[in-house]
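Visitor: Sequence:
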Amino acid sequence: MVARAVKKLGVISHRTGEPLKVTVRRLRYTFATRLVREGASQRVVADALDHTDLQNVAVYFDMKSDVVERLDAAMALQLGPLSQAFLGTLVRTEADAVNGDRRSRRILHSDRSKGTLKPLGTCGSFSFCGLNAPVACYTCVRFQPWIDAPHQEALDGMLGERQRRVDEGQDPRMVTLFDTTILAIADVIVQINEMRRAA
282 MVARAVKKLG VISHRTGEPL KVTVRRLRYT FATRLVREGA SQRVVADALD
332 HTDLQNVAVY FDMKSDVVER LDAAMALQLG PLSQAFLGTL VRTEADAVNG
382 DRRSRRILHS DRSKGTLKPL GTCGSFSFCG LNAPVACYTC VRFQPWIDAP
432 HQEALDGMLG ERQRRVDEGQ DPRMVTLFDT TILAIADVIV QINEMRRAA
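The sequence shown: position 149 = 430 (the working numbering), numbered continuously.
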């Protein structure tokens, strides 16, 4: 019945371009993994799946970190443009930005492993912000990322921080705090790549 409904709706897989293959088991697995991503406890997942004990729901919580990291990096660049999380304005250079003449308005990426600070863009605000840069910047309408800035390094840093939280077993809600920023950075990277191809 489920397969017939999906076929009738003409649902196409974005990965394969073929009709989506859906089974009740796949829907159940998707339902459970989404509950986990939203921060549900093992007891909540077990109740939702009508399990009498917790041993059968552990599989939804035991995701290999290297698989999740590759999935995040691969999917971020695909989902970034769809998310519309980046709200700022791309500029070619610092000189093209509002406040581009003020070095104090630069937004910096800190790479702790290399001990470097690299500028990513300019804050177009004329007042004090107080939010955590650059995490909050990519989703701010006043942020102006430069085309030739290390946005890929910023994306890698955010993915690394997200993975660190996963590895430490932090609450999923704390892990997903970076997700909107990750998608916004990915959107910036995709837009820059498209601009370069068009030039």
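If you're looking for bench data, these hints aren't it; they were derived computationally from the structure.
Owing to the predicted nature of the structure, the values given are computational and were not obtained by experimental measurement.
Be careful, since some hints might not be right.
To be verified - Ranges between beta-carbon positions, derived for each pair:
no. : residue 1 : residue 2 : range
1   : Ser385    : Ala339    : 18 to 26 Å
2   : Thr370    : Gly450    : 19 to 27 Å
3   : Leu389    : Met455    : 17 to 25 Å
4   : Asp331    : Leu398    : 24 to 32 Å
5   : Thr370    : Asp448    : 32 to 40 Å
Backbone N, C-alpha and C define an ideal beta-carbon position, used for all residues, glycine too.
Visitor: A range of 32 to 40 Å was offered for this pair. Does it hold for the Cβ distance of threonine 370 and aspartate 448?
Guide: Between threonine 370 and aspartate 448, where Cβ atoms are some 35 Å apart, the hint holds.
Visitor: The hint says 18 to 26 Å between serine 385 and alanine 339; measuring C-beta to C-beta, is that right?
Guide: violated, 51 Å
Visitor: Indicate whether the distance between the beta carbons of threonine 370 and glycine 450 respects the range 19 to 27 Å.
Guide: violated, 39 Å
Visitor: Is 24 to 32 Å right for how far apart the beta carbons of aspartate 331 and leucine 398 are?
Guide: violated, 53 Å
Visitor: Between leucine 389 and methionine 455, is the Cβ distance one that fits in 17 to 25 Å?
Guide: Hint holds: Cβ distance 24 Å, inside 17 to 25 Å.
Violated hints, in rising order: 1, 2, 4; the structure is consistent with all others.
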